[in-house]
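Single-letter residue listing:
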Amino acid sequence: MPDLRLAIGGLFVLIGTLLVGYGLASPVLTAVGRAQVNLNVCWGSLMGLFGLCMLLLALKKNGGG
Amino acid sequence: MHVGFVDYAIIGIYFVFVLSIGFILKKKMVRSEDFFLSGHAIPSWITGLAFLSANLGAIEVMGMAANGAQYGIMTAHFYWVGAIPAMVFLALFMMPFYYGSRVRSVPEYLKLRFNEPTRAFNAFSFAAMTVLMSGINMYAMALVFKLLLNWSMTASILVSAGVVLAYTVLGGLTSSIYNEVLQFFLIVFGLLPITLIGLANLGGWHALTASLPAGFDHLWAHTATAGNPMGIDWLGIVSGLGFVLSFGYWCTDFLVIQRALAARDMTAAERTPLIAAFPKVLFPVLTVVPGMLALAIIPGLGSNGANLSYNMAMPLLLAKYYPSGMLGVGLTAMLASFMSGMAGNITAFNTVWTFDIYQSYLAPDKSDEHYLWVGRLATALGIVVSIGTAYLVMGFPSIMDYMQMVFSFFNAPLFATFLLGMFWKRCTPWAAFWGLVAGTTAAIIHFTLTHFGVISYPSVMAGNFWRSSIAWSSNFVVAIALSFVTKPRDEKELAGLVWGMPAEREVREQSWYKRPKVLAACVLALTIALDVVFW
Chain Z
1 MPDLRLAIGG LFVLIGTLLV GYGLASPVLT AVGRAQVNLN VCWGSLMGLF GLCMLLLALK
61 KNGGG
Chain G
1 MHVGFVDYAI IGIYFVFVLS IGFILKKKMV RSEDFFLSGH AIPSWITGLA FLSANLGAIE
61 VMGMAANGAQ YGIMTAHFYW VGAIPAMVFL ALFMMPFYYG SRVRSVPEYL KLRFNEPTRA
121 FNAFSFAAMT VLMSGINMYA MALVFKLLLN WSMTASILVS AGVVLAYTVL GGLTSSIYNE
181 VLQFFLIVFG LLPITLIGLA NLGGWHALTA SLPAGFDHLW AHTATAGNPM GIDWLGIVSG
241 LGFVLSFGYW CTDFLVIQRA LAARDMTAAE RTPLIAAFPK VLFPVLTVVP GMLALAIIPG
301 LGSNGANLSY NMAMPLLLAK YYPSGMLGVG LTAMLASFMS GMAGNITAFN TVWTFDIYQS
361 YLAPDKSDEH YLWVGRLATA LGIVVSIGTA YLVMGFPSIM DYMQMVFSFF NAPLFATFLL
421 GMFWKRCTPW AAFWGLVAGT TAAIIHFTLT HFGVISYPSV MAGNFWRSSI AWSSNFVVAI
481 ALSFVTKPRD EKELAGLVWG MPAEREVREQ SWYKRPKVLA ACVLALTIAL DVVFW
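Read top to bottom, the protein sequences are chains Z and G.
Residues 1 to 65 (our numbering) are what the first sequence spells out, left to right.
Residues 1 to 535 (our numbering) are what the second sequence spells out, left to right.
These are computed hints drawn from the structure, not numbers from a lab.
Don't take each hint at face value.
Unchecked claim - Straight line, CA to CA, 20 Å or less: simulated SDA-like cross-link-like pairs of lysine to any residue:
| id | chain 1 | residue 1 | chain 2 | residue 2 |
| --- | --- | --- | --- | --- |
| 1 | G | 425 | G | 117 |
| 2 | G | 320 | Z | 61 |
| 3 | G | 320 | Z | 57 |
| 4 | G | 320 | Z | 32 |
| 5 | G | 320 | Z | 31 |
| 6 | G | 320 | Z | 36 |
| 7 | G | 28 | Z | 35 |
| 8 | Z | 61 | G | 45 |
| 9 | G | 320 | Z | 29 |
| 10 | G | 514 | G | 264 |
| 11 | G | 320 | Z | 2 |
| 12 | G | 28 | Z | 3 |
| 13 | G | 320 | Z | 38 |
| 14 | G | 320 | Z | 34 |
| 15 | G | 146 | G | 392 |
| 16 | G | 320 | Z | 37 |
| 17 | G | 517 | G | 278 |
| 18 | G | 146 | G | 302 |
| 19 | G | 517 | G | 281 |
| 20 | Z | 60 | G | 43 |
| 21 | G | 26 | Z | 3 |
| 22 | G | 26 | G | 162 |
| 23 | Z | 61 | G | 264 |
| 24 | G | 27 | Z | 41 |
| 25 | Z | 61 | G | 43 |
| 26 | G | 320 | Z | 27 |
| 27 | G | 320 | Z | 30 |
| 28 | G | 517 | G | 266 |
| 29 | G | 320 | Z | 33 |
| 30 | G | 26 | Z | 6 |
| 31 | G | 320 | Z | 28 |
| 32 | G | 27 | Z | 6 |
| 33 | G | 27 | Z | 2 |
| 34 | G | 320 | Z | 41 |
| 35 | Z | 60 | G | 392 |
| 36 | G | 26 | Z | 2 |
| 37 | G | 28 | Z | 2 |
| 38 | G | 320 | G | 425 |
All chains, full assembly: derive it from the sequences and hints.
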């Protein structure tokens with residue numbers, strides 16, 4: 001069966017990148033407690049990072065047999 | 001609300017991924033076993049998350065948030081009294097029989113343990129139940145899309161049905177399982193910010209509960225009597241929800257069990273519900289807490305105002321907190337949950353239809369390719385029928401009450417049949433059959449009496465819990481009584497099907513942390529700790 005982590009990783013890296021790009025291009029600040037946060041950039045980076053981890057796990061396994 | 005190009009782009013990317021998975025897997029679907037059982041080749045972390053996500057449809061995301069807004073933290077009983085103990089019981093005590101007997105479906109187990117009529121009764125009622133349930137998901141999705149994207153009900157029902165149809169027809173159970181796991185991560189990333197932002201803005205948990213009606217912050221403290229938000233005492237919760245409804249659902253519903261049957265080996269199958277149980281314990285953070293936040297933040301929630309019903313708690317929060325971009329992620333998460341809830345029902349339906357109805361009664365002894373083809377056709381037909389039931393659900397006031405009502409008819413009595421079948425070898429085939437008939441009949445009589453006001457309860461949910469207990473007890477008593485006057489099966493035929501009659505089992509050494517009993521003890525300890533914290 002194809003490695004599911006590749007699909008999860010790919011999807012999250014794509015969505016994460018899109019969110020960060022969009023968040024930087026047209027910034028919107030959301031109030032979180034007392035702070036003002038650019039939600040798209042923050043959460044997009046987190047999603048992208050998660051996707052990268054999944055891709056690395058999949059590649060490591062496939063590379064190492 | 002403004003839904004921008006970027007939101008549509010995120011939804012679009014998700015659709016492309018889902019369909020690609022279907023196309024890639026199509027080449028792997030050679031035998032009917034590949035299509036219906038994923039060729040018994042899936043690792044347990046994937047079957048575990050799919051086990052969790054198959055259940056994570058509209059009911060969970062919209063229904064539990066609605067209940068959170070309506071009843072407060074008591075809604076977490078569905079997780080901590082309901083789901084977790086039942087999932088542990090399934091893993092440790094029932095999975096050895098399901099997986100060990102190499103059955104392809106739950107009705108097939110009933111045939112091996114009891115007789116053909118018991119299987120037929122279960123196969124037909126299960127097929128009816130799954131299409132009734134998958135309609136709920138389509139309806140819920142249409143509701144959200146109508147509010148947020150201004151799509152018409154019919155357009156969103158047809159779009160979702162089309163995508164699910166494509167990937168389940170192409171990739172069968174594996175496609176459905178892969179998408180369920182994808183959806184699990186989307187739900188976590190799509191909904192977690194709501195809880196974090198909401199709690200930060202209100203000033204934390206204590207500030208939240210201080211702004212809610214009395215009793216919304218306790219699980220057990222007000223359950224000595226029915227004077228609590230849910231209108232039910234501890235006995236009703238433990239027996240109706242904790243025992244009958246939850247055990248009935250998690251331990252006998254083929255929709256979730258099918259995921260565990262796809263596992264690689266017996267211990268992977270046993271681990272499946274346990275791996276699912278860990279995230280499940282924490283899911284109230286993503287579902288119940290947002291419901292409570294919605295009640296505190298959105299004025300008029302739960303009133304008769306347009307789009308202010310409790311069911312809309314989650315979509316309204318998305319609209320309130322998410323800017324364009326994150327809104328696309330939140331919408332995709334909800335969309336994914338509805339689609340996988342629906343696909344879960346459809347893949348369970350096509351297996352039971354093909355093996356337990358078509359192959360058993362209509363066309364035995366055909367080629368494997370023929371059954372693979374029938375499975376694909378059943379998938380398409382199942383979806384068409386679900387479109388019909390989606391319109392049926394529109395007529396009901398609350399999807400959660402509707403669902404628990406369906407369960408009280410089908411799953412609650414069935415659980416008694418399984419308990420007796422797996423743990424009492426004296427239980428006879430005909431006693432099981434008539435017990436099942438008696439339990440279902442008792443549920444119908446109880447429903448009729450409640451419907452016409454002969455019996456009344458403080459809430460619809462309380463009625464559902466008590467109906468489940470009555471249906472279960474009727475089945476249990478009738479099956480035991482008849483077992484003493486009918487002929488049991490030969491003991492030799494029961495090896496591997498009944499507790500104390502083990503079949504040969506391959507024993508594999510495994511690391512201590514992968515052992516089912518260790519995982520079960522950890523998840524139960526965590527659940528008890530949460531019950532104490534939110535007492």
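* Asked: Looking back at the numbered hints, which does the structure fail to meet, lowest number first?
  -> 2, 3, 7, 11, 24, 35 and 38
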